[in-house]
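A.B. asks: The chain contents come next:
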Amino acid sequence: MALDHFRIDDRLIHGQVVVGWGQPCQLGFLVLVDDAVVDSEWEQELYKMGVPPEMDLYFDSVESAARRMAAYREDARAGMLLVGDIATMAALQAKVPDIHTVTIGGIHHKEGRRPRLRYVFLTPDEEMELQALAAKGVTVIAQDVPTAPPIPLVDVLAGDGTG
Amino acid sequence: MSAASNASAAAAGNVAPHLPWSVRAEMLVRMLGIQGAWNYETMLGNGIAFALEPALRRLPGGRGGPAYRAAIARHSGYFNAHPYLASVAVGALARAELEGTPAAQIERFRVAAPGPLGSVGDRLVWAGWLPLCSVMALLAFGLGAAPLLVVALFVGLYNAGHLGLRIWGLHAGWHHGLRVAQALANPVLRNGPPHVARALALVAGIALPVAAQKLLGEGRIWLGGVLAAVAVGALLVTRLQGRFEGWRLAIYVLAAFLLYSVVR
Chain U
1 MALDHFRIDD
11 RLIHGQVVVG
21 WGQPCQLGFL
31 VLVDDAVVDS
41 EWEQELYKMG
51 VPPEMDLYFD
61 SVESAARRMA
71 AYREDARAGM
81 LLVGDIATMA
91 ALQAKVPDIH
101 TVTIGGIHHK
111 EGRRPRLRYV
121 FLTPDEEMEL
131 QALAAKGVTV
141 IAQDVPTAPP
151 IPLVDVLAGD
161 GTG
Chain Y
164 MSAASNASAA
174 AAGNVAPHLP
184 WSVRAEMLVR
194 MLGIQGAWNY
204 ETMLGNGIAF
214 ALEPALRRLP
224 GGRGGPAYRA
234 AIARHSGYFN
244 AHPYLASVAV
254 GALARAELEG
264 TPAAQIERFR
274 VAAPGPLGSV
284 GDRLVWAGWL
294 PLCSVMALLA
304 FGLGAAPLLV
314 VALFVGLYNA
324 GHLGLRIWGL
334 HAGWHHGLRV
344 AQALANPVLR
354 NGPPHVARAL
364 ALVAGIALPV
374 AAQKLLGEGR
384 IWLGGVLAAV
394 AVGALLVTRL
404 QGRFEGWRLA
414 IYVLAAFLLY
424 SVVR
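If you read the protein sequences in the order shown, they are chains U and Y. According to my numbering, the first sequence is numbered sequentially starting from 1. According to my numbering, the second sequence is numbered sequentially starting from 164.
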């Protein structure tokens, strides 16, 4: 139990998270870490609409997430922490060095990004950010849903968007 | 009404500015093709821009102007949501664009909206309305309705639901703008899926034996075979879960039926 899923997904909260991971992992709470959303009431209202009543949703900045990490980890329920981009996860990991595994759940197409998997598109800078995370001892994998096999970072970076 | 007067109307409170019915109707018709250019890169993005386009013509500079072009480019980017509930986003984005909402705020809405719209739509439509319409048609078949009537019942019921949802979604999105979470808090959307699921279970419980009796006839010659096939199928699906995709299994079963009908 406790907080042991750290996911990068530019869609943040959506069906794959709430149903795909939420049901088999029996997630009791989600932590959404985003420095803009934490100050935006209307965005928080929207995200809350995507979460079933039995699941708690907490909003944090990178600072407050790092501060509350111990409490989240002591929670008896299973939890997942979500960030929308690699830079946010890197900033959080710098403050919470014992984040050992990070899952890429979805980084989608944008100008300048190259396809690596069907659900992972990366710019050269983002690839370097992921490699920097891995160099710090973090295991970086790509896995959109629990039934899909986890793909190691080296295979993600070697992909051409068809996998 | 121009974008400037729309913006001043909105500034007076959260009163939705005027959008002609002809523009709404055009957007609604375009939303029927919202998945027409679906792809892995942008998913519904092209469809969202296509559905929004009639409203975007009303931006300062009109069709082809800098604001219009920037908005089309913005909305053609990645967007993924339930195709019917995407109408809520289309309405909200149209209002945001015509009110001159900053692009950064619109981008943040485009990130925040898909999750709730997908989650609500999946539970209400894919897991509720679609199977409910299917078992109601099955029940009609079991009760002896003519094949054309069964098909008409399914098509009529299902389309009434999704068209109604799209019309409501466009109106709700336009009415609430980026504060559309208030619309998604609608009791029908929040509490509807469990009620639909209960109705589905009830109708399925009646429809399946009635339809099975209709198919197998009174003699029950095939009953044992059918029950055994169902048990084997259920066991296979359970054992292969996570290792074998359901559509492949369905194709193999269909192929086996085809082969059987040819060789017998």
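Calculated from the structure, these hints are not laboratory results. From the three backbone atoms N, C-alpha and C, an ideal C-beta is built for every residue, glycine too. There could be a bad hint or two in this list.
According to the in silico footprint, chain Y covers these stretches of chain U (three or more CB under 8 Å from chain Y) [to be verified]: (1) 4-17; (2) 103-113; (3) 128-139.
Examples of chain U residues lying across from chain Y (beta carbon under 8 Å, computed) [said to hold, decoys possible]: (4) A36; (5) M49; (6) G50; (7) R73; (8) G84.
Restricting the straight-line Cα-Cα distance to at most 25 Å, the calculated cross-link-like pairs of lysine to aspartate or glutamate (DMTMM-like) are [what the hints assert, rightly or not]: (9) U:K48 with Y:E216; (10) U:K136 with U:E111; (11) U:K95 with U:D35; (12) U:K110 with Y:E189; (13) U:K110 with U:D98; (14) U:K48 with Y:E270; (15) U:K95 with Y:E270; (16) U:K136 with U:D35; (17) U:K48 with U:D85; (18) U:K110 with Y:E216; (19) U:K95 with U:D56.
A.B. asks: Work down the list of hints and note, for each, if the structure agrees.
C.D. replies: Quick rundown of the hints versus the structure:
1. 4-17: holds (count 7)
2. 103-113: Coverage by chain Y holds here, the residue count being 3 at a Cβ distance below 8 Å.
3. 128-139: violated (count 0)
4. A36: 7 Å, holds
5. M49: 4 Å, holds
6. G50: Holds, about 4 Å.
7. R73: 25 Å, violated
8. G84: OK, holds: G84 of chain U within 8 Å of chain Y, min 7 Å.
9. U:K48 with Y:E216: Given pair K48 of chain U, E216 of chain Y is violated - Cα atoms ~29 Å apart, limit 25 Å.
10. U:K136 with U:E111: 28 Å, violated
11. U:K95 with U:D35: 15 Å, holds
12. U:K110 with Y:E189: Roughly 29 Å separates the two Cα atoms, so the pair is violated.
13. U:K110 with U:D98: 31 Å, violated
14. U:K48 with Y:E270: 19 Å, holds
15. U:K95 with Y:E270: 28 Å, violated
16. U:K136 with U:D35: At roughly 24 Å apart (the allowed maximum being 25 Å), D35 of chain U and K136 of chain U satisfy the hint.
17. U:K48 with U:D85: 20 Å, holds
18. U:K110 with Y:E216: 21 Å, holds
19. U:K95 with U:D56: Within the cut-off at roughly 24 Å; holds.
Comparing the model with each earlier hint shows violations of hints 3, 7, 9, 10, 12, 13, 15; every other hint is respected.
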